[in-house]
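**Student:** Just so you know, my numbering puts 91 at position 91 of the sequence shown, and the rest follows in order with no gaps.
None of these hints come from the bench; they were simulated from the model.
Backbone N, C-alpha and C define an ideal beta-carbon position, used for all residues, glycine too.
Wrong hints could be hidden among the right ones.
What the hints assert, rightly or not - Pairwise CB distance ranges (calculated):
(1) Ala78 - Glu108: 17 to 23 Å
(2) Gly82 - Val46: 27 to 33 Å
(3) Leu22 - Lys87: 30 to 36 Å
(4) Asn107 - Thr30: 21 to 27 Å
(5) Leu22 - Ala139: 42 to 48 Å
(6) Val125 - Arg48: 22 to 28 Å
(7) Arg85 - Lys28: 18 to 24 Å
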Amino acid sequence: LGRHMGGGGDSRPGRLADYIRLAHKKHKPTVIAFELATMGSDFAHVQRRLNELGGAIQAVALELGCQAWAFPIATWKARSVGNGRAKKGGVIRGLATYYGVEVVNDNEADAIGILFAAQSGPPPVPAKHREKALKKVLAARQPKLPGFGAFKKRWLET
Numbered sequence: 001l002g003r004h005m006g007g008g009g010d011s012r013p014g015r016l017a018d019y020i021r022l023a024h025k026k027h028k029p030t031v032i033a034f035e036l037a038t039m040g041s042d043f044a045h046v047q048r049r050l051n052e053l054g055g056a057i058q059a060v061a062l063e064l065g066c067q068a069w070a071f072p073i074a075t076w077k078a079r080s081v082g083n084g085r086a087k088k089g090g091v092i093r094g095l096a097t098y099y100g101v102e103v104v105n106d107n108e109a110d111a112i113g114i115l116f117a118a119q120s121g122p123p124p125v126p127a128k129h130r131e132k133a134l135k136k137v138l139a140a141r142q143p144k145l146p147g148f149g150a151f152k153k154r155w156l157e158t
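Could you put the whole structure together from the sequences, leaning on the hints where they help?
**Tutor:** In C-alpha cells, the structure reads:
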C-alpha cells in the first residue's frame, strides 16, 4: 500500500488517494468522513480491500492535515436518517424525507448520509477505547515514588 500512496496510478487505494488530493486542493476540507466498512462482506479478500481503502483515506488525510472520521455503518445511518439498521431504500427515502435530497443511487445516498452524519461531529469512541484511555490518564496521574517498587516487593515477601 505504501508504494501506491505517492503517485497513485493503477491501484484502487492509489487512485482514491489521488482523488482525495484533487478534492482537497479544490475544496480545502478540514475533515474527511468515510464509512468504516471493514465487516462489509463475508469474504476475507473484500474485507482486506475495504481496509486498504480506509487506510488510504487515513494516510492522505494525515498528509493533508485533515482529520479522518471513520463512521460505523449503523452510526451514520442512525444520525442521518434516524435508523441505524436502515436498508438502502430506507436511506434513500430518509434523505428525501428529512433533507429534501433526491439521489441517483444507493452509493450516492451512502455518501450524502455520511456527510449529514459528520455534520453532527465525530463518531463516538467505543466504550472499551474510552476505558483504556481513562486508565492511561489515571496511571499517568499516580505519583512516582523512587524505590517504591522494591519496597513493595520486600513488604509483600514478609
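**Student:** So, for every hint listed, does it hold in this structure?
**Tutor:** Cross-check of the supplied hints:
no.: 1; hint: Ala78 - Glu108: 17 to 23 Å; verdict: 19 Å, holds
no.: 2; hint: Gly82 - Val46: 27 to 33 Å; verdict: 29 Å, holds
no.: 3; hint: Leu22 - Lys87: 30 to 36 Å; verdict: 32 Å, holds
no.: 4; hint: Asn107 - Thr30: 21 to 27 Å; verdict: 24 Å, holds
no.: 5; hint: Leu22 - Ala139: 42 to 48 Å; verdict: 44 Å, holds
no.: 6; hint: Val125 - Arg48: 22 to 28 Å; verdict: 25 Å, holds
no.: 7; hint: Arg85 - Lys28: 18 to 24 Å; verdict: 35 Å, violated
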